[in-house]
Amino acid sequence: QVGGTVISIGADDTDYVKPGQVLVQLDTADALVALAQAESQLAQTVRQVRTLYANNAPLAAQVAQRDADLLRLQADLGRARDDVERRRPLTATGAVGKEEFGHAQSVFKTASNAVVAAEAAVRAAKAQLVAAEAQTQGSTAEAHPSVLAAAAKVREAALALQRTRLVAPVEGYVAKRNVQLGQRVAAGAPLMTVVG
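Count the sequence shown with our numbering and you get residues 1151 to 1346, in order.
By construction, these hints were calculated from the structure, which means they are not laboratory data. Yeah, the Cβ is synthetic: ideal placement off N, Cα and C, and Gly gets one too. Careful, some of the hints might be misleading.
Estimated spans, in silico, between C-beta atoms of each pair [claimed, not checked]:
1. L1182 <-> A1204: 28 to 38 Å
2. V1183 <-> T1290: 29 to 39 Å
3. K1259 <-> T1290: 41 to 51 Å
4. T1343 <-> R1305: 48 to 58 Å
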């Protein structure tokens, strides 16, 4: 089922073999490297996915902080608006100078701009949180699709390593050996015939 270089042959023509007996051993070097790479990729993927889950809490805290900032700035805006409204009628009587009234309007304009910026920051933080939660919603870190795909690659590599040992499927005699030591064989190539 896999290709490779033959490094040992466990049976020859007319030898009696039992089920599970090793008939041909292929070189495992490539399969071992592939397995190590798959295991390394799985570990890296697990760390990345755990980071995705871990980032949700700080992003939620950031949204809460942005909401709190917005509420504080809205309160500042309300005070600035009240100051302008209180000073407006007093400018007509001269009780409040134009300069002081202009300063109050400037504070109101600055507070209004700060609220607009804070609202944008809240929307951005919420969008970031929604995007992060979309990557983790409905599954655990262990059941995350990226982790499952990486785990499947490990199983595939382990299976390829296991397939470097060709064993007798049945009890019987080797009737036709078509393989030599050092030969490079392709997947699916007939190497021996075992007859019962």
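I'd like to know which numbered hints this structure contradicts. Please list them from smallest to largest. Failing hint: just 4.
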